[in-house]
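Starting from the known structure of chain A, fit chain B onto it as the hints suggest.
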Amino acid sequence: MSNQAPGAHPLEPAPLLAGEEGDRPLTERLLQYVWRPPGRAWWTLFGIGLLGSVLLVLGITATLLYGIGTWGNNIPVAWAFAIINFVWWIEIAHAGTLISAVLLLFIQKWRNSINRFAETMTVIAVLCAGIFPILHLGRPWYAFWLIPYPSTLGVWPQFRSPLVWDVFAVGTYLIVSTLFWYTGLVPDLAAARDLSARRWQRILYGVFAIGWRGSTRHWRHHRVAYLMFAGLITPLVITVMSVISFDFTAGILAGWHSTIFPPYFVAGAILSGFAMVATLLIPVRRFLHLEAVITPRHLDNMARVILVTSLFTFYSYIMEYFMAWYGGNPFEIAVEVNQAAGFYRSLWWGTVFCNSLVPQLFWSARMRRSPWLLWTASLLINIGMWTERFMIVVNPLHRDYLPSSWRTYAPTYVDWSLLTGTLCFFLTCYLLFLKLLPAVPIGDVKELQHERPLRRTGTS
Amino acid sequence: MRLWILGEFPDAEASLEAARALRERGYRSLDLYTPYPIPAAEQALALRPSPLPILVAASGFGGAGFAYWFQWYCNAVSYPLNVGGRPFQSAPALVIITLVFGILCASLACFFGLWGLTRLPRLHHPVFEVQHFQSASIDRFWLSIDGPEAEIDREEAIADLAALGAQHVTAVEEKA
Chain A
1 MSNQAPGAHP LEPAPLLAGE EGDRPLTERL LQYVWRPPGR AWWTLFGIGL LGSVLLVLGI
61 TATLLYGIGT WGNNIPVAWA FAIINFVWWI EIAHAGTLIS AVLLLFIQKW RNSINRFAET
121 MTVIAVLCAG IFPILHLGRP WYAFWLIPYP STLGVWPQFR SPLVWDVFAV GTYLIVSTLF
181 WYTGLVPDLA AARDLSARRW QRILYGVFAI GWRGSTRHWR HHRVAYLMFA GLITPLVITV
241 MSVISFDFTA GILAGWHSTI FPPYFVAGAI LSGFAMVATL LIPVRRFLHL EAVITPRHLD
301 NMARVILVTS LFTFYSYIME YFMAWYGGNP FEIAVEVNQA AGFYRSLWWG TVFCNSLVPQ
361 LFWSARMRRS PWLLWTASLL INIGMWTERF MIVVNPLHRD YLPSSWRTYA PTYVDWSLLT
421 GTLCFFLTCY LLFLKLLPAV PIGDVKELQH ERPLRRTGTS
Chain B
1001 MRLWILGEFP DAEASLEAAR ALRERGYRSL DLYTPYPIPA AEQALALRPS PLPILVAASG
1061 FGGAGFAYWF QWYCNAVSYP LNVGGRPFQS APALVIITLV FGILCASLAC FFGLWGLTRL
1121 PRLHHPVFEV QHFQSASIDR FWLSIDGPEA EIDREEAIAD LAALGAQHVT AVEEKA
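Protein chains in written order, with the numbering used here: chain A, 1 to 460; chain B, 1001 to 1176.
Looking at chain A on its own, in the form it has when it is part of the complex:
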C-alpha cells in the first residue's frame, strides 16, 4: 500500500507542502483567517463554549461553597471524576509537547506546519487539568500548603509524596510549555504586525511581538533557545506522566500498586493526545483551508503514531492481566476479573474497543489518509481513553480488600458540569487562538519551503 498520491513515483516521499508558493502569498494566506471577521460558525461555537464555561464556573462555585459532597465521591471511591479528568487533560497535553519538542529533536519535518496547534492545545489542556487537583482537595483554601513557604506552623510539604511531586511536575510543565509556546510565536507575531491593515491590530501584535526585527543576531539566540526548550521539555513528557502514575502506584491498592503504570500512562498519553490533535486539526484544516500545509502525509503520520501507541496500550492491558495471574495475588486477580466482568464491565469493553480495536483500521493506508475516518476514530479514542482512566481510578477503589468497603460510584450533575465545563472552556480558548493568532507557524513553513529543492536532490 503506497503512501503516495496516484501517479507519483514510488520512491519519492510524499510532499509535506502541496505546491510552490512565494513567501508573501504564503504568509498572507496563512494569516487570512486572522484578518477575516469571525463568521457564523465561529460565533456559534464560541457561544457554546462560553455557555459551557459558565457551567464550569457554576460547578466550581458549587464545589467550593458546599464541598466535595456535591460530587459523587464516597468511601471507598474517594477519587473519581476529578482525578480522571486531571489525568485525561494532562495526557492530552503531552501530544502537543511531543509534536513540537520531540519531533523537532528528531528532525521530523512534518511537525513544521502542525506544531503551533499542538503547543496551544498543550497550554490550554494543562490549564484545564490544573483546576482539578485544587478542587478535589477537601479544603481547597489550604491548597497553598503544597508549595514550600516558611510558615508560622514550621511545617513543610512532605516531599516524599507523589502528590507533592505532582504539584512541581505539573506546575513546571505549565510554565515551560507556555514559555516555549510564546518563544516560538514571537517571529510570527512580527509577521502579523507587519501585515496588519488596521492600527489597533498593528499595536496589539506589535506589543506582543516585543519589537522582533528578524535580526540574525537575535535569530542566533532564538534558534538555540528553541532547541534547548525542546530538549528541556522532552524529559518532562515522560516525567510528568510518570509522576501522575505514581499517584496511583505509590499506594497499596490492588490494581494500582503495579510497576507497569508509568510506561502504560505515557503510552496512553501519546495515544490520547494524538487523537485529540487529530480531532482538532481535521475540522480546522477544512474550515481554515489549510489543506496545502497540512497534507495527507501529516494525517498519515498521525494515524501511524496512534496505531503504534494503541498497540503499546493493548500490550499494557494484556500485561496487567498476565502479571496479576503470574503474581498470584488473589486481590489483584480479583480486581482484574472484576474489571472485565463486574459492575463497570461495559465501560471496560468499550475502552478495549475504542483504544485497541478502532486504531487497527490504520494498518490500511487508505484509512490513514481519510480525514473523516481519522476524525471519527480520534473521537472514539478520546472517549475510550477517558473511560480507561475511569476504569483505572474507580474499578480498584470500588472493590478493594475488604468486602465491607465495597460500594459503587455514580457521578452527580456537578461532576458532569465540571467535565463539560472544561471541555467548553478548552473550546473557547482554542477558538480565540484560531481567530487571533497565526495558527500555522509561518516561519517554520517558510523554512520548509526553502529547504525543498535540497530535500529533493538529497533523497532521489
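Honestly, the hints are just simulated from the structure, not real lab data. Heads up, the beta-carbon is just placed ideally off N, CA and C, and yes, glycines get one too. Just to be clear, a hint being listed does not mean it is correct.
Partial list, derived from the structure: chain B residues whose beta carbon lies under 7 Å from chain A [unchecked claim]: (1) Y1036; (2) P1037; (3) I1054; (4) L1055; (5) V1056; (6) Y1079; (7) I1103; (8) L1104; (9) S1107; (10) L1114; (11) G1116; (12) L1117; (13) A1136.
Some chain A residues well away from chain B (every beta-carbon gap over 10 Å; in silico) [what the hints assert, rightly or not]: (14) W42; (15) A62; (16) I68; (17) P148; (18) G154; (19) V164; (20) F180; (21) A225; (22) L236; (23) F287; (24) L288; (25) Y401.
Relative to the frame of chain A, chain B by itself:
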C-alpha cells in the same frame, strides 16, 4: 548618534553574498534581517556563538542542586518527618522534584536569557522607520551597516549597498 544604512535583497543567497562582500570591504558591524533563521547567515556575519547554552546548563544544575538540598533540609532538618520509617536522607524520593525543578530553572534562564541577550522588548528601533522594512518579516532579506555617525561614511555605505544589488537603500539614525 548611531547610524543604520539598510538595503533590501530579494532572496537569501543574494543577501548572504552581499554580506560577505561587505565584510571583505572592511565593514564590521553588519546585520541581516530575515523572515526565518538562516544558519549560513551567522557565519557570513562572523557572529560569535550564543552563550545561552552555558547559561541554561548552569541554571539547570544549580536549580537541581538547590532543589535537592532544600527538600532534604525541609524534611530532614527543619521539621523531620518520619514517613513509614524511611530514612531522613531518602534520595530516591527526592529525585523527581530535583529533576523537575532543574528543568524549570533551566527553562526560565533560557527564556529570560534569550530576551535579555536580544535586548527585547524594544518596541521602537530606528530600522522600523524605514517603511519598506516590513517585508523583513515576510519575504525579503535586509542587510544593514551600522556604527557611530562619526565612523561611517554615509554616502559610501549607501553606494556600496546599492552596488551589491540592494533596493530601497536608506539611512536612519538613532536619536541619542
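Checked hints:
no. : hint  : result
1   : Y1036 : holds (4 Å)
2   : P1037 : holds (4 Å)
3   : I1054 : violated (11 Å)
4   : L1055 : violated (10 Å)
5   : V1056 : holds (5 Å)
6   : Y1079 : holds (6 Å)
7   : I1103 : holds (5 Å)
8   : L1104 : holds (4 Å)
9   : S1107 : holds (4 Å)
10  : L1114 : holds (4 Å)
11  : G1116 : violated (9 Å)
12  : L1117 : holds (5 Å)
13  : A1136 : holds (5 Å)
14  : W42   : holds (26 Å)
15  : A62   : holds (33 Å)
16  : I68   : holds (25 Å)
17  : P148  : violated (6 Å)
18  : G154  : violated (6 Å)
19  : V164  : violated (7 Å)
20  : F180  : violated (8 Å)
21  : A225  : violated (4 Å)
22  : L236  : violated (6 Å)
23  : F287  : holds (25 Å)
24  : L288  : holds (20 Å)
25  : Y401  : holds (18 Å)
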